[in-house]
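Asker: Sequences are here, hints too, so could you generate the full structure?
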Amino acid sequence: MKTRLIRIILSALIWIVAALIGPDQKWIYLSLFLVSYAIVGWNIIWKAIRNITRGNVFDENFLMGIAAIGAFIIKEYPEGVAVMLFYQIGELFQDYAVDKSRRSITELMDIRPEFANVKIDDNLILMDPDEVRPGDIIMIKAGERVPLDGIILEGQSFLDTSALTGEYVPREVQAGNELLSGCINLNTVLTVEVTKEYGESTVSRILDLVENASSKKSTSERFITRFARYYTPVVVIIAVFLAFLPPLHIDGATFSDWFYRSLSFLVVSCPCALVISVPLSFFGGIGGASSKGILVKGGNYLEILAQADRIVFDKTGTLTKGVFRVQEIQPVQTGDSSQKFTKEELLELAALAEHFSNHPISLSLRQAYGQEIDSSRITDMEEITGHGVRAVVDDKEILAGNYKLMDLSSISYPSGEWIGTVVHVAVNGEYAGFIEIADEIKEDSTKAIRDLKKAGIEQTIMLTGDNEITARKVSEELGLDNYYAKLLPEDKVEKLEDLLSQSSPKTKLAYVGDGINDAPVLARADVGIAMGGLGSDAAIEAADVVIMTDEPSKIVTAIRIAKKTLGIAWQNIYLAIAVKIAVLILSALGITTLWAAIFADVGVTVVAVLNSLRAMNVKGL
Amino acid sequence: MTKRFRLQGLGCANCAAKIEAAINKLEGVKEASVNFMTAKIIIEGDKDKMPSILQEAERIVKKFEPDVVMKKA
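Line by line, the protein sequences give chains B and X.
At position 211 of the first sequence (counting the first as 1) the number is 211 in our numbering, and the numbers step up by one without a gap.
Our numbering runs 1000 ahead of the 1-based position in the second sequence.
Because the hints were derived from the structure by calculation, they are not lab data.
Nothing here was measured: the structure is a model prediction, and the numbers come from that model.
For every residue, glycine included, the Cβ atom is placed at its ideal position computed from N, Cα and C.
Any given hint could be a false lead.
As the list claims (entries may be wrong) - Estimated spans, in silico, between C-beta atoms of each pair: (1) B/Val-189 / X/Lys-1030: 49 to 57 Å; (2) X/Arg-1006 / B/Phe-223: 23 to 31 Å; (3) B/Asp-208 / X/Met-1001: 15 to 23 Å.
Stated by the list, open to error - To give a feel for the contact side, a few chain X residues facing chain B, derived at Cβ under 10 Å: (4) Ala-1021; (5) Asn-1035; (6) Phe-1036; (7) Phe-1064.
Answerer: As structure tokens, this is what we get:
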């Protein structure tokens, strides 16, 4: 690139000198321009000749060469050299942009670990991560990058997961936790047992994915490729007609005039700007997304994301945390019961009664209680499957369970509409109150839905296996447009098919799920988005877009990036085609000169290419 | 059978497109895809025809981009 720049500058300087000297000094004028031309154009002519010998005749070198030589033949020396000069400038910009783009992705993806410290007997041996086998023990010191996926055996530390998730908040990990390659260990040494070999490790798979993503071409890219294939021959053929037909058939039309006009056609015949700028934009968009922890598996998926106007969500694990939490505690308020309990007392009794159970509901009760349980207070315990538990706590008989448990002992309980699961509590045969336990909505879900609407999503829909009441409450709280409840896994696919058939093929539908049982729905949607979480293999496999963290707000980011990228690509397409056609028409009519064609062509190239680089910038999205 | 190669020195996107189109026309090729940004090419085709496909592919690459070297990925 540097030599090309030097040649351009040198040639330009000589050109200026020649222009200043003026055409009166005929021979000096001509020779200076020839020198200027040779410096900047010799390798283009050489490539043209070489390519012709291999059967590749009509390439851009040949066309540019003809244009420049043609200009010389009709004595337009300054323009002849300018054709070459500005063509080279355009090429320089293209190379610069491609190089910059390729290098930025390399930097971004510079998370490939170089070494691993393997513990063999009592020694630490430095090895290539490629050579470490599952089952080997490795040590990761503070400041080092985790080389392989594994399970922490010893140590407690903080991790920088930004390379995978785009998040800079450190994550705490300890013995028993899974560890993913690509993260940086921040504080203390960790001893880890390797679970996957290097080729299968998270960092390898992410790198492969991002690299290969640009192979899956969007319809925009394929359109441009097809367009370019027809554009060049058509323009060249018109150029030939223009050069020879009018002088022969129209009175007063001179050959040199029309030949001059056809040269403009040759100059504008190369669709390079178009063909480069579209892949460049998508490459930038995909790379930028990965820096935010959003893995897009193909340019085509980025394009569909930008066009999506309906998003369907799975509920549990996607919009909600998928974890049971105590939401409400309602002790009995009225009645003649001799026992009245405060919220804390009710919770305490329930937690104690459920102390020995492993049911998720029991766990959430104990978690809400939060205090140490003195198990000596519990003297009897019986778990009745499908109903609840019966226990004697502080010499009181406690029943804690669903309505069926209350029915068993003929205890009446209030009816009502509750979300989630209700644990009724009875003490010594009398109803004491209930505790509502439900799945928590993720902190950023509501804002995510709002932002999606702002970003242009027309319909937000939720699919869930939960009951109608829970679904409605969640839907209202989040501000969703619609929801479908009580769906079995196979019903979800059917529902999606329904939704897909309800509207025109032009609208696109995205489905967001957390992977494991959402695979068929993810596959059926126009674009499937998985909340990858760190380490969910099923999600990474089934989906088209993987969000490495669990945040729904990242969906909004993904859509913004997609729209920006697609917008840039089409700005370039419209700009390039419009300018080229304008130049062609104006040149054919003789209104503009060869200068205009040269500047317009290079100008459009430079603008398109620089515009494409904008796609890499995802700050603030 | 799928084979992958690096196209070292690939600088012209238009040429990349021409190379891709030409290789796709070869007999036995199911799908060929050139990724200009990563300078890589993937050729999917009949196993028995692969050797001749690759030979032709190399000739096509040289035809459109004489300075590019086709290397194993």
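Asker: None of the hints should be skipped; say for each whether it holds.
Answerer: These are the hints, each one checked on the structure:
1. B/Val-189 / X/Lys-1030: 49 to 57 Å: With a Cβ separation near 50 Å, B/Val-189 and X/Lys-1030 satisfy 49 to 57 Å, so the hint holds.
2. X/Arg-1006 / B/Phe-223: 23 to 31 Å: holds (27 Å)
3. B/Asp-208 / X/Met-1001: 15 to 23 Å: Distance hint for B/Asp-208, X/Met-1001 holds at roughly 19 Å.
4. Ala-1021: At 7 Å from the nearest chain B Cβ, X/Ala-1021 passes the 10 Å test, so the hint holds.
5. Asn-1035: holds (4 Å)
6. Phe-1036: holds (5 Å)
7. Phe-1064: holds (6 Å)
Checked against the numbered hints given earlier, this structure breaks none of them.
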